[in-house]
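Asks: Top to bottom, those sequences are chains A and B. Just so we're on the same page, the numbering used here is the position in the first sequence counted from 1, plus 82. Just so we're on the same page, the numbering used here is the position in the second sequence counted from 1, plus 22.
By construction, these hints were calculated from the structure, which means they are not laboratory data. Here a beta-carbon is modelled for each residue, glycine too, at the ideal position from N, C-alpha and C. Worth double-checking, as some hints may not be accurate.
Just some of the chain A residues that point at chain B, by a computed CB distance under 7 Å [to be verified]: (1) Thr96; (2) Arg106; (3) Val144; (4) Val147; (5) Ala286; (6) Ser290.
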Amino acid sequence: MTTYGMVIDVSRCTGCYNCFLACRDEHVGNDQRPIAASQPESGHKWIDVLEHERGKLPRVRVDHVPLPCQQCKDASCVSRAPDGAVYRREDGIVIIDPEKAKGHPQIVASCPYRVIHWNAAEQVAQKCTFCAHLLDQGWKEPRCVEACPTEALVFGDLDDPTSRISQLLKSKATEELHPEFGLAPSVRYVRLPKRFVSGEIALADRMSEPAAGVRVTLHDGTKAHDGATDLYGDFAFDELDAGASYRLRIAAPGYRPREIDIGARKDVDLGTIVLEPVSAGTP
Amino acid sequence: MPTQSFTSCTNCGPITVDVKDGKVVRVRPLVIEDGDLKPWTIRAGGKSYSPPKKVTLAPYVHAERNRLYSDDRIRYPMKRVDFDPNGERNPQNRGKSGYVRISWEEALDIVAGEIKRVQGAYGRSALAAMTSSHHNWGLVGYKMSAFSRFFNFLGYTQVFDNPDSWEGWHWGATHSYGFLWRLGMPEPYDMLEDALQHAEMIVFWSNDPDTTRAVYDGSDAAIWRQWLKDKGVAMAFIDPFYNHTAAAMKGKWLAPRPGTDAAVALAIAYVWIGEGTYDKQYIADRTIGFDEFRDYVMGVKDGVPKTPAWAEAESAVPARKITALAREWASKRTVLSAGCRGGEGGACRAAYATEWARLMVLLQAMQGLGNPGISIWGTSMGAPWNSKVWFPGYGDLEGRIATSTKVARRIPENKVPQKLYRLSLPDAILDPPVHWKGVGFCNKNFEQQFIPFTYPMEGCSEVRMFYRYGGSFMSTMNDTSKWVRMYQSPKLEFVVNQDCWWSTETAHADIILPACTSLERDDIGEFGEPGGQTKGGSSGCNYRVVVRLKKAIEPLWESKSDYRIFTDLAEKLGFKEDYTEGNSDLDWARKFFEISDLPKYISWEEFDRKGYYVINVPDDYQSTPALRWFAQGRPCDTPDPNNFKRGTAKANELGTESGKIEFASESLRRLAPQDEERPVSPRYIPSWEGHRSEMAKIYPLQLMSPHPRFSFHTHYDGHTAWLNEVPAHRVVKDGHAWWPARLHPEDATARDIRTGDIVRLYNERASVLCIAQVTERVRPGVVHSYASAGKYDPLQPGNPRSPDRAGCVAMLTSGRQLSQNAAGMASNSCLIDVEKWVG
Chain A
83 MTTYGMVIDV SRCTGCYNCF LACRDEHVGN DQRPIAASQP ESGHKWIDVL
133 EHERGKLPRV RVDHVPLPCQ QCKDASCVSR APDGAVYRRE DGIVIIDPEK
183 AKGHPQIVAS CPYRVIHWNA AEQVAQKCTF CAHLLDQGWK EPRCVEACPT
233 EALVFGDLDD PTSRISQLLK SKATEELHPE FGLAPSVRYV RLPKRFVSGE
283 IALADRMSEP AAGVRVTLHD GTKAHDGATD LYGDFAFDEL DAGASYRLRI
333 AAPGYRPREI DIGARKDVDL GTIVLEPVSA GTP
Chain B
23 MPTQSFTSCT NCGPITVDVK DGKVVRVRPL VIEDGDLKPW TIRAGGKSYS
73 PPKKVTLAPY VHAERNRLYS DDRIRYPMKR VDFDPNGERN PQNRGKSGYV
123 RISWEEALDI VAGEIKRVQG AYGRSALAAM TSSHHNWGLV GYKMSAFSRF
173 FNFLGYTQVF DNPDSWEGWH WGATHSYGFL WRLGMPEPYD MLEDALQHAE
223 MIVFWSNDPD TTRAVYDGSD AAIWRQWLKD KGVAMAFIDP FYNHTAAAMK
273 GKWLAPRPGT DAAVALAIAY VWIGEGTYDK QYIADRTIGF DEFRDYVMGV
323 KDGVPKTPAW AEAESAVPAR KITALAREWA SKRTVLSAGC RGGEGGACRA
373 AYATEWARLM VLLQAMQGLG NPGISIWGTS MGAPWNSKVW FPGYGDLEGR
423 IATSTKVARR IPENKVPQKL YRLSLPDAIL DPPVHWKGVG FCNKNFEQQF
473 IPFTYPMEGC SEVRMFYRYG GSFMSTMNDT SKWVRMYQSP KLEFVVNQDC
523 WWSTETAHAD IILPACTSLE RDDIGEFGEP GGQTKGGSSG CNYRVVVRLK
573 KAIEPLWESK SDYRIFTDLA EKLGFKEDYT EGNSDLDWAR KFFEISDLPK
623 YISWEEFDRK GYYVINVPDD YQSTPALRWF AQGRPCDTPD PNNFKRGTAK
673 ANELGTESGK IEFASESLRR LAPQDEERPV SPRYIPSWEG HRSEMAKIYP
723 LQLMSPHPRF SFHTHYDGHT AWLNEVPAHR VVKDGHAWWP ARLHPEDATA
773 RDIRTGDIVR LYNERASVLC IAQVTERVRP GVVHSYASAG KYDPLQPGNP
823 RSPDRAGCVA MLTSGRQLSQ NAAGMASNSC LIDVEKWVG
């Protein structure tokens with residue numbers, strides 16, 4: 083058996099859009115029935131690239147999360163479509179039948195990942211097909227993967243333990259995008275952006291000197307994450323749980339300690355925290 | 023009909039073009055047979071690094087099909103409706119009036135007739151002709167080839183190009199370390215291996231290689247940087263914009279005000295001198311003039327030590343960050359990645375950019391430039407590269423039908439001595455005389471930078487006819503509304519534009535000639551290799567691939583290849599046989615193949631059938647890292663053919679006058695000792711249009727406009743609708759695809775501007791409408807908007823004062839040159855303000 087899947091390494095995606103444009107080239111104006119009608123000239127993003135900008139100057143982070151159809155095993159588009167208009171092939175690829183699905187715009191809304199688009203001219207819902215029409219002709223991978231310069235997109239047979247993708251799944255920590263949807267996607271991600279808390283520490287009496295090696299501790303109620311400022315006086319705590327509350331403790335010998343409460347509903351950059359020397363002024 | 027596949031090569035990657043029923047249905051990275059690619063291997067840190075067995079493209083090349091069939095193609099020969107060669111010409115209406123389709127016969131008759139009339143009445147110098155950069159690929163069709171052969175036969179006033187992508191390196195760094203033959207950019211050889219094996223840190227300074235992609239090399243180097251990141255090499259980015267390489271690599275970000283980079287560099291030198299963390303032996307053995315430089319840094323004469331605190335006041339980068347960077351840099355084997363190929367970033371295109379570029383060389387000299395892991399390397403060239411197999415690039419004399427004595431029996435010589443300079447061309451037409459110094463690309467000796475020119479030249483005519491090929495300058499040169507004024511001058515009795523697409527300048531011509539793209543003609547060329555001054559450019563690719571550019575489809579509509587257009591005109595003018603020597607474009611392509619080394623490895627028939635030949639790296643490949651020879655005092659062993667000291671008694675020297683790195687420049691001491699704007703030893707000189715300028719009181723924001731990410735110069739933007747849906751490139755609002763301008767939340771809030779608002783960028787020179795993107799990725803006080811919009815779309819066509827809504831932010835920039843003796847452009851020294859546009 084063959085089950086096609088994709089692993090997307092967000093840390094290798096540079097946001098070059100080669101995938102998006104290669105997809106356009108394959109599908110716009112090219113009818114690939116029975117797999118798909120042609121993609122319209124504009125509006126559809128069968129693979130999108132979502133840009134996440136977080137943090138504050140100079141501790142900005144920008145990540146790009148490529149978003150194709152997740153090719154779910156329990157796809158809601160399949161279960162909610164009438165008369166087998168959307169079906170899952172034996173190789174795991176979910177296909178919207180360009181004929182049977184005509185006139186059913188509700189298919190677009192059936193996907194919580196929002197990767198299905200409405201083709202008004204054809205009156206049909208459309209999405210990424212993993213370029214099944216090419217795989218059926220013997221191609222090894224879809225156009226987006228061929229176009230990716232950094233191997234951020236890896237495609238292959240999940241059932242073949244020797245395939246590159248199977249090896250990757252063994253060697254790297256991967257996760258689903260939105261596991262809460264419970265749809266068992268065949269697309270898995272490496273290093274999806276996680277919450278962080280960052281900032282800089284400076285010393286009031288030595289503002290021109292970097293405050294390297296200052297101890298910072300982040301408490302989340304149950305455990306403490308230990309950290310220290312780097313050569314530049316910056317610190318960061320990564321891979322935090324979303325939604326938790328934190329208390330940041332800063333301790334530098336000779337300086338008054340600081341405690342800062344943080345609600346990590348979003349990523350937090352605390353800016354520059356200036357520590358006052360103990361001797362300066364009254365406590 | 024089954025699908026047929028054709029090979030071709032673009033200016034950013036080789037492609038396979040699938041054609042069905044006479045129509046292109048697919049454009050993908052060149053399909054190379056398994057077995058033809060032999061990946062090289064670099065061993066470093068116990069791991070082996072080899073590239074994927076494929077070629078990659080720049081993103082826009084994936085949209086080549088969209089561009090090919092664009093509504094923006096020029097379909098037919100056109101004549102301006104109110105232009106009558108035998109009556110009223112109405113030059114004042116250029117840019118305003120519409121066009122009517124005419125036949126090729128009529129178009130060619132008018133153009134050939136005007137060439138004869140103008141040159142007959144005023145002399146040959148009355149004709150000027152000029153190209154734009156790189157709108158196609160291939161040795162036959164390239165601008166320096168078919169175009170130059172035609173105009174050299176005629177004789178014409180040539181327009182010198184300025185080194186527009188790396189000005190500061192050309193006019194500055196050459197005086198510190200030579201490399202005249204590379205126009206100021208360093209040799210790149212084997213720098214990838216060196217970095218993987220030795221580098222512990224990379225400082226990217228005004229450099230975004232993920233965006234500029236070594237210019238022509240697809241996206242091949244993107245994976246190298248992933249390797250370096252995976253290896254844990256520390257990275258820092260100095261740029262007012264948190265650029266795309268920074269986003270991909272993470273790392274430290276220092277965001278100086280534009281134009282203050284030299285102050286930051288001097289403060290780094292101050293830390294190193296103060297803490298003794300520089301290579302004193304190297305300074306003694308390999309450099310001259312350090313004492314003079316050190317005295318300036320320490321403030322011995324001017325009483326101003328160039329401390330990090332001093333630099334903070336100029337640059338707004340906290341002193342503690344400068345100090346931290348200086349310490350980390352000195353404590354690690356550090357690559358200085360200052361510009362894509364040594365150039366290309368914004369800091370080298372700013373007022374006094376010569377000083378910053380020289381300081382980049384000198385900082386690395388202080389750390390031992392050329393020693394393992396200590397280099398100036400853009401991270402985008404310098405893969406293992408087979409230099410033994412010769413194939414010409416368009417930058418080589420042997421790579422052009424205009425100049426190759428090997429492919430052509432007769433080489434035409436342009437007998438017109440008069441010159442123009444691209445940056446002052448509009449001024450030359452509107453308000454002569456104009457004067458400048460330098461031959462444009464000064465690649466032979468330092469004197470070339472100082473040769474004085476005057477237009478009009480004694481004994482020559484002012485230009486009366488302008489033949490424009492391509493047309494991008496509204497968004498790539500400076501203060502460009504004057505190009506509109508120039509076109510409307512009655513002095514230009516006749517203007518032709520020849521191009522594939524309606525570009526920024528096209529609609530200012532009297533006659534428009536439709537050229538076809540390189541997918542519609544035959545040619546030959548090597549992926550990523552310009553040759554000449556950028557010899558080894560294809561070392562930015564993972565494989566050297568020579569490609570047969572095949573005519574995949576017949577020219578669309580009534581377009582013709584540039585070579586064919588020039589052939590037809592030459593026929594009308596009576597020199598067709600001289601121009602073609604009986605060759606078709608395919609015949610010329612085959613001649614280039616035959617003069618190269620390729621016939622030793624593959625027959626023409628086999629090459630033509632497969633469509634490509636891969637020049638793999640040999641098994642016994644020996645690396646020769648750039649400048650290692652210099653650091654070690656050995657003769658140059660790199661395959662740098664244009665190094666004019668190589669193979670001589672001075673082979674262990676750099677191209678400077680002393681042969682060493684010059685903290686105090688001997689060439690400047692000899693040729694311009696009194697120049698306070700490019701002094702013998704580099705200094706920080708506040709910008710003539712920067713945060714301290716009087717103008718900043720009225721226009722407080724600094725505009726930076728680097729090379730774009732999703733267009734090759736102007737050549738994909740505007741004609742490629744798919745790109746309008748890449749939000750980092752353009753954003754469609756109310757049916758119009760707007761060009762983004764990025765500004766910091768502080769500046770946006772102060773102006774009540776939100777992401778998605780249409781805003782007017784303005785100063786005394788122009789107004790440009792953009793779509794706002796409010797972001798922490800630019801520092802306060804800075805607006806980031808790429809140069810090189812592919813369209814010019816004034817609200818009032820023909821009015822040079824009109825706001826443009828296509829994003830030609832170059833209209834806002836000053837026409838002033840870098841400094842009094844450095845005739846480069848300073849696009850990134852530009853003050854503006856921004857307001858919400860209410861129409």
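Asks: All hints are to be evaluated individually against the structure, with a verdict given for each.
Replies: Taking the hints in turn, this is what the structure says about them:
1. Thr96: The hint holds - threonine 96 of chain A has a Cβ within 7 Å of chain B, the shortest such distance being about 4 Å.
2. Arg106: holds, 5 Å
3. Val144: It holds, given that the least Cβ distance between valine 144 of chain A and chain B is near 4 Å, below 7 Å.
4. Val147: Cβ of valine 147 of chain A sits 13 Å from chain B, so the hint is violated.
5. Ala286: Hint violated; alanine 286 of chain A Cβ to chain B Cβ min 12 Å, cut 7 Å.
6. Ser290: holds, 4 Å
Of the numbered hints listed earlier, those contradicted by the structure are 4 and 5.
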